[in-house]
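Just so you know, the sequences run in chain order L and U. Counting in this note's numbering, the first sequence runs from 414 upward without gaps. Counting in this note's numbering, the second sequence runs from 88 upward without gaps.
To be clear, the hints were calculated from the coordinates, so they are not data collected in a lab. Do not take every clue at face value.
Straight line, CA to CA, 30 angstroms or less: simulated DSS-like cross-link-like pairs of lysine-lysine [to be verified]:
id	chain 1	residue 1	chain 2	residue 2
1	L	K520	U	K181
2	U	K178	L	K530
3	U	K204	U	K530
4	U	K434	U	K415
5	L	K530	U	K186
6	L	K530	U	K181
7	U	K186	L	K520
8	L	K492	U	K186
9	L	K492	U	K585
10	U	K155	U	K434
11	U	K178	L	K520
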Amino acid sequence: MRIVVFCCENSAYQAARQSRLPAEVDLIRLPCGGRVEVLHLLRAFEGGADGVLVLTCQEDNCQSLHGSARARHRVEYAKEILKEIGIDPERLQWHPVTSNMGPRFQKIVADMVEGLKLASA
Amino acid sequence: MARWGAFICDGAGVDESSLAGAEVVVTTTLPPQAGDLACKLIGTWTRYNLDGGILIGAVPELVEELLKESLRQAGLDPFRLVVVDLRGRDKEGKDREIKAALTRARHLEPTHWAKAKVEQRALIIGGGAAGLQAALSLRQLGLPVLIVEKEESLGGRLGKLDGLYPYDVDPQGWIKSTIATLQEDPEVEILTASKPLALAGQVGDFILEVQTPTGAVTRRGGAVVLALGSKVRWPQESGLEPGPRVVGLSRLDELTRFRLRHKKVAFLLDLDELGSRVGTLSALRGALRIKDNWGSEVHVLCRHLKVDGKPLESMYRKARDMGVLFFKYEEFPQVTESGEEVTLQFKDPDLEYMVVEEAYDLLIVEEEILPAGEELMEAWSVSQPANVRLYPVATNRKGIYMVGCCRDEMDFPGAIQDGTVAAGEIYALLGEGDLLYEEDRVKVRSEKCVFCLTCVRICPHGAAEIDLVQEAAFINPAACQACGMCAADCPAQAIVYKGFDNEGIMAQLEMGGR
Ligand code: SF4
Ligand code: SF4
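This is chain U alone, in the form it adopts within the complex (with noise of 0.2 angstroms):
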């Protein structure tokens, strides 16, 4: 028989007669302070080696949480403290929020907690700038890890650009001694043409497959960092075809490296309504960059300008300066090219509509920018839809993130941030060395399972897996998050979860029938 003790807050207005009948051997009246409620809750457990604790009392979540953490600390087990929170309820509530509390506190098997030793590495997979700084970061933390990039060389997109840019830090010297700080350290992997192949294992132990030019090598990490990066996309939608005289934004560097000058150039933006911030930036500087090396007549022509903060305003403000004239649209300008020239016709707001009608030599449209990697994700069951609970860089999947342009548009310290931030995460994860994990409280008993595979296709987590020798589904108690989805789905009954499980709801449902 369990042994429970109940706990209750000074001043809850409970008796002791409505815990007739449960399976309490103490009961003891807690101190209103937190810190006093968890030394007299944990004394009380150990004396009476207890199996577990009913809390009962105004039990704000705060309250709660700092408890379990305490008794985590403590070594006992958090789950087994059943939190009975009175605020707001009478007399006659009071008493039914009791007695589900017994119930759910009978039905609650205890889960077994296993500690497993996580290879403290992480695979970093792009080496553009946000996998770079989810690099320098972990290093900083004294992580090992490892950078898997496609490209000859680590730097991205950004590090193909040529100088200038609005922030404090210049991105091109950044990545220049970022690369050369990463490739002296003996505990920096770096594998360039390199391609991932496949990813097996979950959180804490990774195993990841990669292509290198000398063949396929794998390699283990506890944790796996994404920078795919982003891809860019002609926009067709829009009719206009790339040519001598129409070319696309992120060809920008690679032209303006030539000497040929044009005389007169535009930059076409916002071709799909909203726009994008980056894209007003990376015209910014285009046109920035054509005055200084050409000299050329620059237009801008936009719905909207995306100047937010103050590099880049500093930019626009620089670019009025230099001569570049903007320009707003409502309706998609006319293009018409003829030979040498492209001429724009559109309607301006800001001019009272007037008709505009220009010609130039090299007109610079903006692309889409797309997140790039989405085959690799599919594969490996990796999604980060937009979710608070996931903002910013977690996913789906425990012990992988996802950093920089790959999850959202985002400019140079952007990137910076989110490899910041994944680092401090995949820190938390392996910095101690071990990671606990409850072993059973979602369990698949094998002798039920009719291997239907609901349970592996619905998991959000990737956590339910395939045992091809048992014929049955595994579900891997680390990358579990216990959302109790697969229990629910099975046809075959053959998951449970403990504290979860049928019978604890039913009789809870039953309980109080009249």
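Chain L on its own, in the form it takes in the complex (with noise of 0.2 angstroms):
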């Protein structure tokens, strides 16, 4: 199994450097939210990804302001795709996580690794 996270800097990724990740994780850094392109999830799955994260800042504590907003309207618009491609949407998801919700990236996780085991079950 392989999930891709994509971690807002300023927010998520200070949080996942005090979560315990199991060991499918791979982090991808962002500057910002702002920066994930529907390529960029796409991509993710095209290269073996299981499931997809794009977990950014509180929507109205973004350093760019929309970067946050932008993640989320990315992420609902490559879930259409998934669903026209027959990929089960909930394989992507996106949350906002502030930098000191360690305990939160850690369930968001676990409850993706979770969500994954049953549908391949």
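Build the complex: two chains, separate frames, hints provided.
Take a look at the structure:
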């Protein structure tokens, strides 16, 4: 199993540093949620990811004001594409995670792992 | 070929074999103490003339920041330090992290740093309390200032009030003496009855055009302070109409200057459900003033009195001692005007909802206080949403600050604090005399740009500009905050972001595939 987690360096990446992560997680750092492209999300699946998470700031605390909101929109858009090509859109998720939310980061990842296990069972 | 150094922290549990195949010319074990760590890191980096370093181990964010700062001070590029924080990862996770870091490092092209001279002067728009305090603090820090004020004289709204204020510092006295200090100072330029026309340039070198009574002038400055104040709005929704018997709270000083006396006066507060603290403050101040000047009977009607902190508390007590009566309402009172009187009918929850009916010869209504200067902010692409990363005085644009009532409802001490904080930030920015920035971290390849202006439209920091000669977008490197939003949205993929370019991100994505 492989889970790709795109994290904003200002928030989710700092949270990741405070969490215990399962081996199957690959963290991809972004300078801001706004940097993520639909292409990246799809390429992650193409590259063998079973699940993809985009974890960025709370929307109203984004350093770049709308970066986090843009990330969420791109995820929504990419989910539509996944649906069309027959991939369960639940394999792609966006969540806000602030820099001090290590446990939440861990929980989101664990839930994703759990969900994927159920899906493949 | 790039020369990388691998720095493995003591006790990281990583062996050198995980670095196999990388362009690593030296591997060093680092001591656990952050200070020693910095010494050894920088020493090795310079000795081996490295292009970058990969730091592997338990590296908390604070240590990372500290090391990057040390590198910067040593004249090395902090962005060339790739940190792999292995905390919380098991053996396989560690290997993945290291592999990803090596991939990242391979795609990390060097950026170029530039130093630009800044205009060591602040351009302050608005000469109210917050603007004046910013000017005063900046002068204390040694930076020259320009103050642009639309009115004939400095002082803003507070400057127009007559005395009586509940704080240790008397605002009117403070404003007078501050204006005097600033007027005497040759490094302070004051343009009154003047209006800002246009703002060009970016952080470090803004160009402000100002309409003065004697014609338009241009001034340069490294930073801009917006101290635009507030404006009052009549609470139309209440159904009340301003007239001789019904007036707005903002006109109180003007009214009480006249000898004409009203026998019975009511203050009606909290017209919008929330009400405001400044409204309570002004009403208490007004109630005391009316008691003093006219000796009238005074009632204050509110939903909740916002009495927080000592100054307001003591004002409230004083008002009660002087015989001011306070009532509460939940449902908006019925107001009837007839001839010489305004009658209010309401139910006070504290009086077991007894119906109270009182006739007054003057009703003073709390207005809504709104931030001023929206047009200007829109024209200059400045915004300041409630966002902890900007709090309190920063804006979306680097080098532009907002202070006082144009950013939030506040009283005199709040405005003073804002001015001081902004001055401190500006000093940190301009005090050294030059600005250090990366010239080419985010850059438009003009030959690929189709001039769609997407980047100009979406850049949250106003850093993407139009280059009419090249017919291409241009990213001002000093103003750019490297969020990468433009790179993600450019339809022509004309924007490269060193360190977070598509090739690097894609390589990391492909790396883990099985
Ligand atoms: S978004 Fe891209 S193509 Fe459009 S103006 Fe900016 S750089 Fe040029
Ligand atoms: S990277 Fe962000 S701040 Fe810089 S120009 Fe692009 S959108 Fe603006």
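Results for each hint:
1. L/K520 to U/K181: The given pair, whose Cα atoms are some 20 angstroms apart, holds under the 30 angstroms limit.
2. U/K178 to L/K530: Roughly 22 angstroms between the alpha carbons, so the hint for U/K178 and L/K530 holds.
3. U/K204 to U/K530: holds (21 angstroms)
4. U/K434 to U/K415: holds (8 angstroms)
5. L/K530 to U/K186: holds (26 angstroms)
6. L/K530 to U/K181: Holds, at roughly 23 angstroms.
7. U/K186 to L/K520: holds (25 angstroms)
8. L/K492 to U/K186: holds (29 angstroms)
9. L/K492 to U/K585: Cα-Cα ~28 angstroms, so holds.
10. U/K155 to U/K434: Roughly 64 angstroms between the alpha carbons, so the hint for U/K155 and U/K434 is violated.
11. U/K178 to L/K520: holds (21 angstroms)
Against the hints set out earlier in the document, a violation occurs for number 10 only.
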